[in-house]
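*Asks:* Kindly generate the complete structure, drawing on both the sequences and the hints.
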Amino acid sequence: MSTSQQHNEATAYWTVAPGRGELRSEQLRVPGPEEALVRSLYSGISKGTELVVHQAAVPPCIAEKMRAPHQEGSFPSPVKFGYLSVGVVEQGPDDWMGQTVFCLHPHQDRYVVPVSALTRVPDGVPPRRAVLTGTVETAVNALWEAGPRLGDRVAVIGAGLVGGMVATLLRTFPLARLQLVDLDPERHDLADTLGVDFAHPDDALPDCDIVFHCSASEGGLERSLKLVGDEGDIIEMSWYADRKITIPLGEDFHARRLSIRASQVGAVARARRHRRTNADRLELAMSLLTDPVFDAFLTGASAFAELPGVVQDLAGGRLEALCHVIEYPATDDPLPEDHRTATTETAR
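Reading the sequence shown from the start, the letters are residues 108 to 455 in the working numbering.
Source of the hints: derived by calculation from the structure; they are not laboratory data.
Don't take every hint at face value.
[Unchecked claim] Listed next, with one range per pair, are the computed distances between beta-carbon atoms:
#1 Gly357 - Asp387: 37 to 47 Å
#2 Gly423 - Thr279: 31 to 41 Å
#3 Asp291 - Leu312: 10 to 20 Å
C-beta atoms are modelled at their ideal positions from N, C-alpha and C, and glycine is treated no differently.
*Replies:* Following this line, the structure appears as structure tokens:
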């Protein structure tokens, strides 16, 4: 076991009440023989899921299944949540020392985890871009679920972070047609950057073999039913949390033999479950990030000290982002006291 300067205190972001988050100090344990101390460089905010947690909207019946790998506390609060962290190993086994790594860890400046929880970031992937690994993994899993084939007609509804990732991976497939569909005309620029055709929902082409639904909206799911062809598949990637969704299954859903199948990254897709592990899936996702096109999803950055306020701005619609990056200080300077807590003005 090699060691660097000892660090026994860390700062982490916690959701402490509905609509309220703060930075809290905690003591770190000494790493064991197969553990590593990681100093964070960047973390990413997975806006959809993290705002559900921030707003205390995780349904109690699913709370245990929705736990993040290194979550502390329990839903609704207090809870330390997040899963897009990139850092450098400062202490651990010799072959891990100094390695840049990705971990499914909450927002925290230093942490101790088993080395089995780390994925090495290769030289061809900038550390900032590597925060997207967990989201690319989600898209990989969805493609394994759907199994697109040569000549398929595919639509992706919802040009946010997850939908954009799915479209990015699909753009290299030998498809007959691929459209990224969104109500927001400004998403046309993202589609152009990705090299994917863009369409408003009213103009999207029907008779799709597969529709990936990523908009987390009732209207988007209803439109998916219209765009998918007979006996086609809708891959539902949205998590509605505690919202009730109504869809028109009383029209031609039954007669057309349509399928709606959920895709959730917590388990490897059934089509690959016996031949791929979670670690295999993460390594594949990481390898795909050598493509600089993924930088289009990194739409802003803030210092770690500002994280409570950033979450409030995202929740209040004052900050638009696909993936907002949190930057961690390279020194042990204390965080300003006025940045340690923030509360949503209209908490749930």
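*Asks:* Looking back at the hints listed earlier, which ones does the structure fail to meet?
*Replies:* Violated: none.
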